[in-house]
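There are 2 protein chains.
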Amino acid sequence: MAVTKPVISFWFEFASTYSYLTAMRIEALAESRGVGLKWRPFLLGPIFAAQGWTTSPFNIYPAKGSYMWRDLERQAELLSLPLAQPDPFPQNGLKAARIAEYLRQGEWCAPFVRAVFHAEFGEGRDISDPELLAAVLIDIGAPAKDVMTAVETQSVKDRLREAVGEAQGLGIFGAPSFVTEDGELFWGNDRLEQALDWAVRHHGD
Amino acid sequence: MAVTKPVISFWFEFASTYSYLTAMRIEALAESRGVGLKWRPFLLGPIFAAQGWTTSPFNIYPAKGSYMWRDLERQAELLSLPLAQPDPFPQNGLKAARIAEYLRQGEWCAPFVRAVFHAEFGEGRDISDPELLAAVLIDIGAPAKDVMTAVETQSVKDRLREAVGEAQGLGIFGAPSFVTEDGELFWGNDRLEQALDWAVRHHGD
Chain R
1 MAVTKPVISF WFEFASTYSY LTAMRIEALA ESRGVGLKWR PFLLGPIFAA QGWTTSPFNI
61 YPAKGSYMWR DLERQAELLS LPLAQPDPFP QNGLKAARIA EYLRQGEWCA PFVRAVFHAE
121 FGEGRDISDP ELLAAVLIDI GAPAKDVMTA VETQSVKDRL REAVGEAQGL GIFGAPSFVT
181 EDGELFWGND RLEQALDWAV RHHGD
Chain A
1 MAVTKPVISF WFEFASTYSY LTAMRIEALA ESRGVGLKWR PFLLGPIFAA QGWTTSPFNI
61 YPAKGSYMWR DLERQAELLS LPLAQPDPFP QNGLKAARIA EYLRQGEWCA PFVRAVFHAE
121 FGEGRDISDP ELLAAVLIDI GAPAKDVMTA VETQSVKDRL REAVGEAQGL GIFGAPSFVT
181 EDGELFWGND RLEQALDWAV RHHGD
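In order, the protein sequence lines correspond to chains R and A. To convert, note that position 186 of the first sequence is 186 in this note's numbering; the numbers rise steadily by one, no gaps. To convert, note that position 1 of the second sequence is 1 in this note's numbering; the numbers rise steadily by one, no gaps.
To be clear, the hints were calculated from the coordinates, so they are not data collected in a lab. All values reported here derive from a predicted model rather than from experimental measurement. Just so you know, even glycine gets a beta-carbon here, dropped at the ideal spot from N, CA and C. Hints are not guaranteed to be accurate.
[Claimed, not checked] Simulated coverage check for chain R against chain A, where a stretch passes if three residues somewhere in it have a Cβ under 8 Å from a Cβ of chain A:
1) 61-67
2) 156-162
[What the hints assert, rightly or not] Listed next, the in silico DSSO-like pairs over lysine-lysine satisfying Cα-Cα at most 30 Å (straight line):
3) A:Lys95 / A:Lys157
4) A:Lys64 / R:Lys38
5) R:Lys157 / A:Lys157
6) A:Lys145 / R:Lys64
7) A:Lys38 / R:Lys145
8) R:Lys64 / A:Lys95
9) R:Lys64 / A:Lys64
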């Protein structure tokens, strides 16, 4: 009998501030609980557009937005993470998401995702810039040129588009979100611990 | 020199599902941390209306709404609280909020608030019903008839209206919210522990 370990899917959007907090802590936490990770980049833009939003709800609702930035400062401090607000916000994470989708089953995905989030919210840099993304790939030892070419193909674009549809089908409406093997959905960096608990408790149900 | 203890303001809305979770656990938790509580009923209706919403965002955005009910089930189970969905949702909590505002500096406020939330989300009852509210007042030993008369006066109505304005001035956009003595705002049942930590750490700053 094969012994398997529980797995959760981590759905993240590069423009999402709270996805940054999760991306920086999820690997160590999942490993300490014996839970495997599926990295699932997606885009909130089409999901927000479907409910009539053309930008981040943090921009549409100013009180919520200014609260979010203050809360993010507090959470980053608790996690000892650097924090810088990128301009513009939200950032266009389309290219980064395509790269993460292309890399997601390999060893470069996690370091790539972390490095992009660090550049964006740790240093306030513009992650829509292909040169920044190529430099990140080189830094982590990935074949930058091949990757940057591959992600312009229709098949990678299609895969990311399909991921957005899959997210919607799972009931996802924000990021970060976590989905366990039995389909249980958890939303928000604050729910990461509960998602991991659930994954362990219901594994093999 | 007078020794004072830290205090937080607990801003709650009777229609708010997560305010229920907080109301049932805040007193014991605050007491264990040596933090005093100010109970601050308010209404989200006018705040939501100011941003163009005419009902709960959980009704406007169905994916978010169905997630919320599932998440609430999980959180209620973790806290060993009963859960029943009131119909209609959101409930009209105007009368209950006026009563809580009228009682808020006295000994009956906390038991009244808890009993109303229990009726609404523990039993699924309609808290806009004056008979239910009067019965709750009788149950907790308050002078029900006097209270029900007093809350129809203009001065109590005005006090609740002013509380809504005060909440907006503090940057509050949802419930539950917590505000410490130095004006730090925390939103959501998930932030109660951090709000209490902050209140203790920054007391007398």
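We went through each hint and held it up to the structure:
no. : hint                : result
1   : 61-67               : holds (count 5)
2   : 156-162             : violated (count 0)
3   : A:Lys95 / A:Lys157  : holds (9 Å)
4   : A:Lys64 / R:Lys38   : holds (23 Å)
5   : R:Lys157 / A:Lys157 : violated (57 Å)
6   : A:Lys145 / R:Lys64  : violated (40 Å)
7   : A:Lys38 / R:Lys145  : violated (60 Å)
8   : R:Lys64 / A:Lys95   : holds (27 Å)
9   : R:Lys64 / A:Lys64   : holds (16 Å)
Violated hints, in rising order: 2, 5, 6 and 7; the structure is consistent with all others.
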